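K.L.:
Start from chain V and add chain Y according to the hints.
Protein chains in written order, with the working numbering: chain V, 16 to 397; chain Y, 16 to 397.
It should be emphasised that the hints constitute simulated quantities derived from the structure, not laboratory data.
Be aware that one or more of the hints could be misleading.
You can't tell identical chains apart in this list, so a pair holds if it fits in one copy or across any two.
[To be verified] Dumping the calculated DMTMM-like pairs for lysine to aspartate or glutamate here, alpha-carbon to alpha-carbon at most 20 Å:
#, residue 1, residue 2
1, Lys31, Asp325
2, Lys31, Asp196
3, Lys281, Asp118
4, Lys281, Asp58
5, Lys277, Glu365
6, Lys184, Asp173
7, Lys145, Asp325
8, Lys277, Asp58
9, Lys184, Glu39
If you're wondering where the values come from, they're calculated on a predicted model, not measured in any experiment.
Number of protein chains: 2
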Amino acid sequence: VRQVSIVGLHQITVRKENNSGLREMAREVAVGAMANAGVDHIDALYVSNMLSDELQGQKHLGALFADHSGVAGVEALQIRAATASGAAALRVGYLAVASGDVDSALIIGVEKMSGGVATPMIAKALDGRKEVPDGATLISQNARLMKLYSRTYKPPSDAIAHFPVLAHKNAAHNPFALFRDVQFSTEDVLTSRIISPPIRLFDCSPICDGAAAVLLAPSDRANDYTGSPVRILASSVATDRFRFADRPDPLMIRGARLSAEKAFNKSGISRDDISFFEVHDAFSIMACLALEAAGFAQPGEAWRMAIEGDLNIGGRLPITTMGGLKARGHPIGASAIYQTCETIQQLRGEAGPNQVNNPEIGLMQSVGGVASTVITHILGIS
Amino acid sequence: VRQVSIVGLHQITVRKENNSGLREMAREVAVGAMANAGVDHIDALYVSNMLSDELQGQKHLGALFADHSGVAGVEALQIRAATASGAAALRVGYLAVASGDVDSALIIGVEKMSGGVATPMIAKALDGRKEVPDGATLISQNARLMKLYSRTYKPPSDAIAHFPVLAHKNAAHNPFALFRDVQFSTEDVLTSRIISPPIRLFDCSPICDGAAAVLLAPSDRANDYTGSPVRILASSVATDRFRFADRPDPLMIRGARLSAEKAFNKSGISRDDISFFEVHDAFSIMACLALEAAGFAQPGEAWRMAIEGDLNIGGRLPITTMGGLKARGHPIGASAIYQTCETIQQLRGEAGPNQVNNPEIGLMQSVGGVASTVITHILGIS
Chain V
16 VRQVSIVGLH
26 QITVRKENNS
36 GLREMAREVA
46 VGAMANAGVD
56 HIDALYVSNM
66 LSDELQGQKH
76 LGALFADHSG
86 VAGVEALQIR
96 AATASGAAAL
106 RVGYLAVASG
116 DVDSALIIGV
126 EKMSGGVATP
136 MIAKALDGRK
146 EVPDGATLIS
156 QNARLMKLYS
166 RTYKPPSDAI
176 AHFPVLAHKN
186 AAHNPFALFR
196 DVQFSTEDVL
206 TSRIISPPIR
216 LFDCSPICDG
226 AAAVLLAPSD
236 RANDYTGSPV
246 RILASSVATD
256 RFRFADRPDP
266 LMIRGARLSA
276 EKAFNKSGIS
286 RDDISFFEVH
296 DAFSIMACLA
306 LEAAGFAQPG
316 EAWRMAIEGD
326 LNIGGRLPIT
336 TMGGLKARGH
346 PIGASAIYQT
356 CETIQQLRGE
366 AGPNQVNNPE
376 IGLMQSVGGV
386 ASTVITHILG
396 IS
Chain Y
16 VRQVSIVGLH
26 QITVRKENNS
36 GLREMAREVA
46 VGAMANAGVD
56 HIDALYVSNM
66 LSDELQGQKH
76 LGALFADHSG
86 VAGVEALQIR
96 AATASGAAAL
106 RVGYLAVASG
116 DVDSALIIGV
126 EKMSGGVATP
136 MIAKALDGRK
146 EVPDGATLIS
156 QNARLMKLYS
166 RTYKPPSDAI
176 AHFPVLAHKN
186 AAHNPFALFR
196 DVQFSTEDVL
206 TSRIISPPIR
216 LFDCSPICDG
226 AAAVLLAPSD
236 RANDYTGSPV
246 RILASSVATD
256 RFRFADRPDP
266 LMIRGARLSA
276 EKAFNKSGIS
286 RDDISFFEVH
296 DAFSIMACLA
306 LEAAGFAQPG
316 EAWRMAIEGD
326 LNIGGRLPIT
336 TMGGLKARGH
346 PIGASAIYQT
356 CETIQQLRGE
366 AGPNQVNNPE
376 IGLMQSVGGV
386 ASTVITHILG
396 IS
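The following block holds chain V by itself, in its conformation from the complex:
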């Protein structure tokens, strides 16, 4: 397996509504990431997006973005895994460069959710035959998990509310975050509007527009592009029973556990080596479950880490260091590429007031649907 590094990146500020179109947002980050790496040519383009079929009426994004970004001719494909699509595209870019067949791969994640009513389209991440007809959405299914968690483990009533509070605190210093100026307490979370009980408004990541891109190259040529490349130490994907109703223990996110174990085994890295963890906090409960599944807390215990400050920037295992999906925003197809950009910022020591202390290795996870797919990447300076 040829070693792969990230040698360029570009992210734009997440907004409720970006005035640019989908292809213009894609171009902005494509051109930005190429300029950041000092290149005007790439071998391949892998695109992530979830909703353009319905919201923009586009089903052929690879070639469209290649042309609109000025690189018509290159290989261009779209990669999907529902709400984990960004990490899926990063995974394929990794495989392409690792294979030796592709020497430079640009990954674009972009989503323009302001283009229409997104929620029912997002529900297509669930089972259209057995879940959606009963009225299930990603929100209602996460609500069921949150309720089950409370009943099973009986944490304090404000336990899960610490996750969004932390996310918003971290977003304050991220210029690319949607919610830089929105700070709240756990009490504010618990009195915010009910969306799908027990999930409240401040438990939910927002509908928004965003785009980010990274450029991958072989590690042995990474210094041709940048003085501070970041290596992809592991890349892995795992699935679970598709519907969580079919899982023996719905509170154990097996896709997160399996993909983390694969990533640790492949790279020889252990949990203790991880400096920080960008979790997929699309809903508060998912951040809690991901920490437990990845082995950083016992089942039913991850909320204690939040309360005790372990997850803060200065803590034992900082998470959502630039605001996470909750407060940076969750423009779906772009989210994992934002995570990637943020992980690189941390590893390079460029995270400003949110800088984790001497980070060496960053872990990222992205969740598709109600964790039917989970994708894990480990990045490091080396």
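P.N.:
Leaving out everything else, chain Y in the frame of chain V:
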């Protein structure tokens, strides 16, 4: 680059309407290809489909099919390039195994077009901002190319009609073909119903349901699975200006030329080495243009090959040997995997009455949209 071989396959008969659901069709070919290779485990699953977002309300096919096929837990992603999605999934499977990170990759191509009105969804392969609002569809754009071809090169009026006649002739002996029993003459083509002038009904590949799967493994372990592995000698993707209106010469399919040249250069194979060519004859004109773009005929001349018998089973360069998209059928996301199965049948000498004489190397191309993306694979026994 680690060498990659195909070690298992399964295809089901293409039908106007398959009574099974999308996931059941996927499972049938997944289980079939695994059984064909003698395995009950795979490392990864790469899925191709174009229309499930709208027709089946599903946007998370990788994990859904993994679970429904009995391999929940494995890596599973969906890969897209509009109407070339099957070849895109094969490409990613190739990259995954070539990288050394994945040791067995199952590729499922499946489409259930009977699930709704497919044509407007297929048009989303075009530019939703600049083409579709003007009423463009894949049919109307291919019609413009066909008209331009006639005006530019002034071939005989029945020149292009030879392609569908040949496709149907070859389909007669393919048990998996939709149109086994429909034979017609060039005169029949030229008197069939006008769809979008000058394209007539018999110039169009059909709306249909189908699925096929292949299993990939490293070539140095291929004999663990089968006595007759087929090697992927080259895999390449190229794009063009997205809209053909932006291309300097719309009759030169640059994606086909570029991806073929990349494939030839990477593999050291030349055009003269090619025993047969599975072209993407979604419309008659595209078969003609593909032959010219890939360098097998001069611009404006490929129809001569059809008239002179060069493209017949016993000819110089047989094409659409099992019926092509036109007569085997074009269940979009599955089509390139059918091409792959058929190419393997030929290379193994298992093509029955359609057997090409001592074939050594087969070329396959798949076209996304109006050739905005073209994907080329070269397969051989070695």
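K.L.:
Output the indices of the hints that this structure fails to meet, ascending.
P.N.:
Going through the list in order, the structure violates hints 1, 5, 7 and 9 and respects the others.
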